[in-house]
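Whenever a hint applies, use it, and build me the whole structure from the sequences.
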Amino acid sequence: MSVLKSWDINLRQSEKKTLFLFFILYLFFVLLILLFISLTYYNLQKDLMLKDKRAYMSSLAKHQIEGLKYLHANFDKLRIYPRDKRYKSAIYDSTYVKIFSLLDNENVNLNEDIYLTGNKIHFIKEPESYYLGTKYVVIEIDDDGIWKKKTYRELFIYGTLFLIISLIIGYILMLLILRPMRDAISLLDRFIKDTTHELNTPVNTILSNIEITEDTKLDPKILKRLNRIKIGAKTISNLYQDLIYLTLDEKVVSKDEKIDLKNLLKERIEYFSLFFETKKISVNLDLNEGVYLFIDRKKITKLIDNLISNAIKYNRVRGTVEIVLREGYFYIKDTGRGIEKDKINTLFERYERVDKSVGGFGIGLSIVSKISKEYNLKVKIESQFKKWTKVSVSW
Amino acid sequence: MVKGLVVFLLFVSLEASVYTENCIPCHRKLPVSIDKFFYRYLLKYSSEIETKFAIKEYLKNPKREDSVLNEALLKRFGVKKRSKLTDRELDSAIDEYWEKYKVFGKLK
Chain X
1 MSVLKSWDIN LRQSEKKTLF LFFILYLFFV LLILLFISLT YYNLQKDLML KDKRAYMSSL
61 AKHQIEGLKY LHANFDKLRI YPRDKRYKSA IYDSTYVKIF SLLDNENVNL NEDIYLTGNK
121 IHFIKEPESY YLGTKYVVIE IDDDGIWKKK TYRELFIYGT LFLIISLIIG YILMLLILRP
181 MRDAISLLDR FIKDTTHELN TPVNTILSNI EITEDTKLDP KILKRLNRIK IGAKTISNLY
241 QDLIYLTLDE KVVSKDEKID LKNLLKERIE YFSLFFETKK ISVNLDLNEG VYLFIDRKKI
301 TKLIDNLISN AIKYNRVRGT VEIVLREGYF YIKDTGRGIE KDKINTLFER YERVDKSVGG
361 FGIGLSIVSK ISKEYNLKVK IESQFKKWTK VSVSW
Chain S
1 MVKGLVVFLL FVSLEASVYT ENCIPCHRKL PVSIDKFFYR YLLKYSSEIE TKFAIKEYLK
61 NPKREDSVLN EALLKRFGVK KRSKLTDREL DSAIDEYWEK YKVFGKLK
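Protein chains in written order, with the working numbering: chain X, 1 to 395; chain S, 1 to 108.
If you are wondering where the hints come from, they were derived from the structure by calculation, not from laboratory data.
Just so you know, not all the hints are guaranteed correct.
What the hints assert, rightly or not - Simulated crosslink set (DSS-like; lysine-lysine; CA at most 30 Å straight-line):
1. X:Lys341 <-> X:Lys280
2. X:Lys98 <-> S:Lys81
3. X:Lys125 <-> S:Lys44
4. X:Lys77 <-> S:Lys84
5. S:Lys108 <-> X:Lys85
6. S:Lys108 <-> S:Lys52
To be verified - Residues on chain S that point at chain X, a partial pick, calculated with CB under 7 Å:
7. Leu42
8. Leu43
9. Ser46
10. Ser47
11. Val103
12. Lys106
As the list claims (entries may be wrong) - DEER-style ranges, computed between Cβ atoms:
13. X:Asn74 <-> S:Ile49: 25 to 35 Å
14. S:Phe77 <-> X:Asp113: 39 to 49 Å
15. X:Gly118 <-> S:Arg28: 47 to 57 Å
16. X:Ser58 <-> S:Ala72: 50 to 60 Å
17. S:Glu71 <-> X:Thr40: 47 to 57 Å
18. X:Tyr42 <-> S:Asp95: 45 to 55 Å
19. X:Lys98 <-> S:Lys63: 48 to 58 Å
20. X:Tyr96 <-> S:Lys81: 34 to 44 Å
21. X:Lys62 <-> S:Ile49: 22 to 32 Å
C-beta: ideal position from N, C-alpha, C; glycine also.
This is how it looks when you write it as structure tokens:
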């Protein structure tokens, strides 16, 4: 027994959406964490820089207070505010009213000790006495910004590393989430492959023997029974072909050729004639001459077979199948049970069956979808629940 | 009529303020000038509101422990007597005192 292996993951749209949402949510939290870490690191580096400057600025403040003390004692003779090239300064009273300022950046926070404002560092010192009414002395120096450049560079390097590692972890997590899904699908695939593969030889034997037997003169009753056997065998044969197409044929390079669609549609109607007879379904054909498609014969046959097969399967007894072929499109319309509006979108998903009362694996329209995507064919499904379904294929 | 009004305005403008009449004469007798008192208040109270409030409270109810004078001067001149000025007059005198010696706008 040979087993056809396929490791492809066939994810449904909703599952893809869930995975996408998971990924977005994961990315959002990763970025949030990264932002939080970056801000913390930035503030830490800033605090370290300010800590380094504190002692130096404190000595500058002491120097300034000495100047103020002297000015206070001699204010009747001297009115020049003490200045120094190394820093700028300002003085404020106890109600935060500015007494005098030489600051470049007037954005002062007297409740802080040392802080960064723009590209300036402010240091606040309270003198032991309120010289000239001064409760707060503000010392201002330039921030050279070296620490900032270093921090940005480190944040970029470590942030990128963190992001890459997080994305790898995210990918591994996604694979772990996908694993049960992948296992379930591959199990189903393998089961179908194994079973169907074993069906091929007996089904072909049955069909070829029926054809040989049909040539001999038979009792009508036996012929009727033989037809039933033929329908059953053909159904199995179609299903086999569909499954083989999904597992193997879709990977084979197409042999495209000019196909006369009128002839092909007639040929396929003929192929399904017994099915139509059994269900007493009448076929209305309106096929224009000279409509061609450049396509692989096997694939367009598979597409048409699936659509006709559905039109028969989901039709009512004594129903009608209408097949119209025009330049640029053809459609197949049945008088079956129809499809509810909300279920139309899920029809092309593998193993999806709208009506579970009829046998099948739910792979027919998945094959139609694959072929139509490969050849840019547009498949449109219209339906009126409990009345009719119309499948149009345009190009 | 107009002449009378001009004379009246001149009289009002020349009229001595509460500060000039009630503060300066007494302080002239002290070896410490009145501006030194101001800077001592400033050194202790910092802001305009607190300084004015402290001066007013002291003038209304002088206490040794509230004085900005040092011990030596206090021993020599003692604590001043309670002011007989009204609150309004005190406010006017203190405002003038503040305006005259405040630091704001005087630093270069």
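Broken hints, by number: Numbers 2, 4, 16 and 19 - these are the hints that the structure violates, sorted from lowest upward.
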